[in-house]
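Go by the hints and put chain B onto chain A.
Protein chains: 2
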Amino acid sequence: MDFVPNNIVWNNNYITKEDRVKYLSYKPCILWFTGLSGSGKSTIANAVESKLYKMGTKTYLLDGDNIRHGLNKDLGFSEKDRTENIRRISEVAKLFVDSGTIVLAAFISPFQRDRKLARMLVNKDEFIEIFIDTSLKICKQRDPKGLYKKVEVGQIKNFTGIDSPYEVPTNPEIHLKTDELTIEQASDKVINYLKSFNYLKDLNR
Amino acid sequence: MDFVPNNIVWNNNYITKEDRVKYLSYKPCILWFTGLSGSGKSTIANAVESKLYKMGTKTYLLDGDNIRHGLNKDLGFSEKDRTENIRRISEVAKLFVDSGTIVLAAFISPFQRDRKLARMLVNKDEFIEIFIDTSLKICKQRDPKGLYKKVEVGQIKNFTGIDSPYEVPTNPEIHLKTDELTIEQASDKVINYLKSFNYLKDLNR
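Chains A and B, in that order, give the protein sequences.
First residue of the first sequence: 1, per the working numbering; consecutive thereafter.
First residue of the second sequence: 1, per the working numbering; consecutive thereafter.
So here's chain A without its partners, still in its complex pose (with noise of 0.2 angstroms):
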């Protein structure tokens, strides 16, 4: 028999996530921007983290483009891959919430069940689904990395919208439709939801 993870015990660690939340004016929680690509969703993630920042809450970001970079360089785009890829980052932003930091993951994550999977790894009310909803038309025109213009001359494949599904979000938290708002409405939009659902309690601003 080899040495395989039944063997593991979980260690009880002494410092806890209610020693590192006690002094936060802040509930730690994970905004998880989901959208096409071209949608907006780093866009708008980063409006939300330098507002957060601004407020004195600890926040990170972790984005699709930059986070492929090292963790997940040995992924590909693949329907497994993709899946793999949202799973890994799922996990990291867990233990994000968990040493006490309003993380914001933004990704195209396009597979329902891999965003629930997101969704499961938390407590119900640490994951917040926002839906950049932006039509493929404005993606397209804005196309900021030029990749729908690879993607028309078949330089690229699998691609989110194209030929590969983005299934749209039944009943996320919160529904961006990015052709009627500015960035600035955008990201307000998200930081009163957060004062709403008392994420931000403590933070009278």
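What the hints contain is simulated information worked out from the structure, not anything from laboratory work.
Every value quoted in this text rests on a predicted model; they were computed, and no experiment measured them.
Heads up, some of the hints might be wrong.
No distinction is drawn between identical chains; accordingly, a pair holds when it is met within one copy or between any pair of copies.
Unchecked claim - Listed below are the simulated DSS-like cross-link pairs for lysine-lysine, each with C-alpha atoms no more than 30 angstroms apart in a straight line:
#1 LYS201 - LYS177
#2 LYS201 - LYS145
#3 LYS116 - LYS157
#4 LYS51 - LYS189
Positioned in the frame of chain A, the structure of chain B alone reads:
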């Protein structure tokens, strides 16, 4: 052609590491505890974390046993999987440093090249290798998880120090010979190192 990582554009986050570190009274870094199973890595790391917590620094402990229930639950204990285990943990530790945390990583991490890879991911002064130097004899006597017993009766294979190598650190920043030290003394040595090298410069305790 598939949608491969070549198409990734590094995203400039608005809130930078510098922003996050600006108001901290300590210097974020990785405290990397390496040593045999049962050497006392987790115990000492926990004691160090408790002290840092009381000093008001933001800390987080990554633990070999704990992380294998989440992020790395797909990995076994073959040499390849052990390397991947440490690689992912290193990348996560880097993210925590980037977020402004003193991250404690307590892993057997038996291979020099893996620890070197972890070191190379961050700035030179952000990685502090701590060798928990406990003789195999003592580790076997302690056997807190009963693993050495399982090895003896052939229930576990590929066990570090028995039938899988442990490569001793050649130049660790801190070398703790636990046969001669109490947990209190060992953890104090780490704290004193951090004080000496100005990681806790504004914390006058």
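Is the C-alpha distance from LYS116 to LYS157 at most 30 angstroms within one copy, between copies, in both cases, or in neither? within (25 angstroms within a copy, 36 angstroms between copies)
One pair to classify: LYS201 and LYS177, alpha carbons no more than 30 angstroms apart. Within, between, both, or neither? within (27 angstroms within a copy, 47 angstroms between copies)
How would you label the pair LYS51, LYS189 (within, between, both, or neither) given a Cα cut-off of 30 angstroms? So LYS51 and LYS189 pass the 30 angstroms test inside one copy only (12 angstroms; across, 40 angstroms).
Using 30 angstroms as the alpha carbon limit, work out where LYS201 and LYS145 are close: within a copy, between copies, both or neither. neither (38 angstroms within a copy, 43 angstroms between copies)
Comparing the model with each earlier hint shows a violation of hint 2 alone; every other hint is respected.
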